[in-house]
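Asks: All chains, full assembly: derive it from the sequences and hints.
Protein chains: 6
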Amino acid sequence: MAKAKTTNRGYNNRFERGMRVLKRMGRENLMLNQKALSPELYEMSVGHLFGDVWGRPGLSLRERQLVTLAANIAMARPTGNHSHYLSSMHLGITQREIIEVMIQVGHYTGWPTLSNAVRQFTEILEEKKEADRAKKLGRTFKSKLL
Amino acid sequence: MAKAKTTNRGYNNRFERGMRVLKRMGRENLMLNQKALSPELYEMSVGHLFGDVWGRPGLSLRERQLVTLAANIAMARPTGNHSHYLSSMHLGITQREIIEVMIQVGHYTGWPTLSNAVRQFTEILEEKKEADRAKKLGRTFKSKLL
Amino acid sequence: MAKAKTTNRGYNNRFERGMRVLKRMGRENLMLNQKALSPELYEMSVGHLFGDVWGRPGLSLRERQLVTLAANIAMARPTGNHSHYLSSMHLGITQREIIEVMIQVGHYTGWPTLSNAVRQFTEILEEKKEADRAKKLGRTFKSKLL
Amino acid sequence: MAKAKTTNRGYNNRFERGMRVLKRMGRENLMLNQKALSPELYEMSVGHLFGDVWGRPGLSLRERQLVTLAANIAMARPTGNHSHYLSSMHLGITQREIIEVMIQVGHYTGWPTLSNAVRQFTEILEEKKEADRAKKLGRTFKSKLL
Amino acid sequence: MAKAKTTNRGYNNRFERGMRVLKRMGRENLMLNQKALSPELYEMSVGHLFGDVWGRPGLSLRERQLVTLAANIAMARPTGNHSHYLSSMHLGITQREIIEVMIQVGHYTGWPTLSNAVRQFTEILEEKKEADRAKKLGRTFKSKLL
Amino acid sequence: MAKAKTTNRGYNNRFERGMRVLKRMGRENLMLNQKALSPELYEMSVGHLFGDVWGRPGLSLRERQLVTLAANIAMARPTGNHSHYLSSMHLGITQREIIEVMIQVGHYTGWPTLSNAVRQFTEILEEKKEADRAKKLGRTFKSKLL
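Residue numbers (our numbering), protein chains in the order written: chain A, 1208 to 1353; chain B, 1208 to 1353; chain C, 1208 to 1353; chain D, 1208 to 1353; chain E, 1208 to 1353; chain F, 1208 to 1353.
Source of the hints: derived by calculation from the structure; they are not laboratory data. Mixed in with the good hints there might be a few duds.
A pair holds if it fits inside one copy or across any two, identical chains being indistinguishable in the list.
[Said to hold, decoys possible] In silico DSSO-like pairs for lysine-lysine, Cα to Cα no more than 27 Å straight-line:
hint, residue 1, residue 2
1, K1242, K1343
2, K1230, K1342
3, K1230, K1335
Replies: Here's what the structure looks like:
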């Protein structure tokens, strides 16, 4: 029975499904260091994490993004959250809303997770400005944060 | 300037504002062990956390709840999240949506945070049934989880 | 290309593959609260976590178990690690080796993670004795820990 | 040179030194589940953690206790901190001061670590009352928390 | 009653109270990235965290700082603790005492939290030397760590 | 009895024993910032952590390394794990096996711990190439990661 359901949900094209979600989020060019180190890991990240998890119904993409931003702010890991500020904005979440998520989460996980989020968000906003400038001038730009 | 803003937002009645938020969330009878141990801490929890933080504009109460649920599932602490399943349901978040938050967050914080959330949510659903039964029979019910 | 690889690795029968891994580990009757709350989550746990991850080549099952035990001892979550002491023993990892993992990991994640692991392992050893006694007497036994 | 210093500090009697620290803290009857599961681990806990670490000069025992309480409240692990409320009180740290540590730390690690600490401290205060009653009545008392 | 107490403790001037605490700690020029991103968040950090929490009686400022240092070393977040080594020294906590806090906490939260603290403290000591040199030469110095 | 055992295991030469373990792992030139900041802490790291813990029987050095890598990937701290990728390779653990540890652990501690590990491992592989080039050219090389 479980097998039947699996077949119905089409695991064979999970990678394609994942790429479609990534494009909606403006993230299709990320995780390339995974691709370089281990193509199988990259496939799993695209196919399982984005295809099978982010692609699920039951919550809107906006809500999945808010919830993921919250979990990542909570964990305050050194890397891995910068890209979610970008995809949040790509999905139409405003800067004000992002700050509210920080304030809300920070009270559940500690003030330094809040100030770490401020720092990471500020870094990404500054890099975005640089990237936009580079684009206008027709120059390539390589992110140090993503 | 900051002072002026503070005065305008009326910190004097932050406790009342917090209690109003707590009532909207069905949480007005919680944190009583804080009240018993330290009335000042209880006042800070109601006034600052619920009055000044949860009471902020910029995100809907539903979104603040989703984001808080996410942060707490992420941290997988032994206590403190059970009540948020109840207030989520009180605010109209469906069981299906709660499970989607678990699945989404669990992929960012580890499978055991997902299975810990399943366990805590199952416990609260079972206790809710007991509480409802007790209520029908006119009996008092004391939660072991909250 | 990624798609071709996916097809070759046969995602369609990932659930069956997961159940085979679970049986080798003596875990085939676990995660039933997931099954009760959300059959889709249960399918994902069996199919993805055990089928696609635990079932990967590149490390022996013993090594995957040691590494998982280490990660879980590190995180010191309230639930979710008890079962891994049982599957470790099922896979032939000795009690002595389990204690060495605790000591080694505890120095990287703090003494209380070590003492928490001692407590959880002791609980599981005691419950295992009870379960064995019940079995001899032909009685059913329901775990409070798993 | 390091060797000479080691010899001078007398590692041979670290276990005895550890037991002396434990007695000053009223903790000499703890960690017995470690002793039961692995005598070597128990020896390491007494000799290294209490003898070589807690026994160091440079901070008072009161300050080491405050700092340890803070680290444990921060981590919000399911077990392992209850005993530190007792040893804090044994060392003369007042209930008021313990609550201030909770409030201070809770703002750096999240409100649920604060409410988890309230819960654990309340449990230990209640059990302490039971233990005192049992003592008066000449009955034995076995802690469920330590 | 809670309201009356609130009024008595004068929440209206919490921002000023927070700034006074920050000055005693030598931190009055920090959190400026918060101010730039969100003036309301900055106001909350000064008014609530420093005014209402750090400004509480019941523990000395030295003890609040030791306890905060401990919580932050425990969490080993990528940013947010550097400034606390500076304010510790500003408050008269010696380098030796800071190292003892690291050793004590590191045993409760893992050796890498200890070595991460060593790295962060070493970075701040080196930057402090640079800042002092710049000051002597009448040059401005911009911290990369704070 | 515990005392006798302590004497027999020869704590007096724990520092030498630690250095022998460090050499087998190719780590004898690490932790020098600890030595610079606090020689006693360095002695404790070499003597206790490597001499008394890593030097224990009961698990092979390869297994201790796998388990330590797992715990560190789990915790996703900003520093402290880079060196363990190097010592893993020094001990003969293959790049493929290291990636499998990441994938296995990442499912128990969250996708960002996996992607953080990918980033740190990639950084160390790139720095290793630079170091090898410098060596061929007879130039000195100073790591920015260790």
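Asks: Which hint numbers doesn't this structure obey?
Replies: 1
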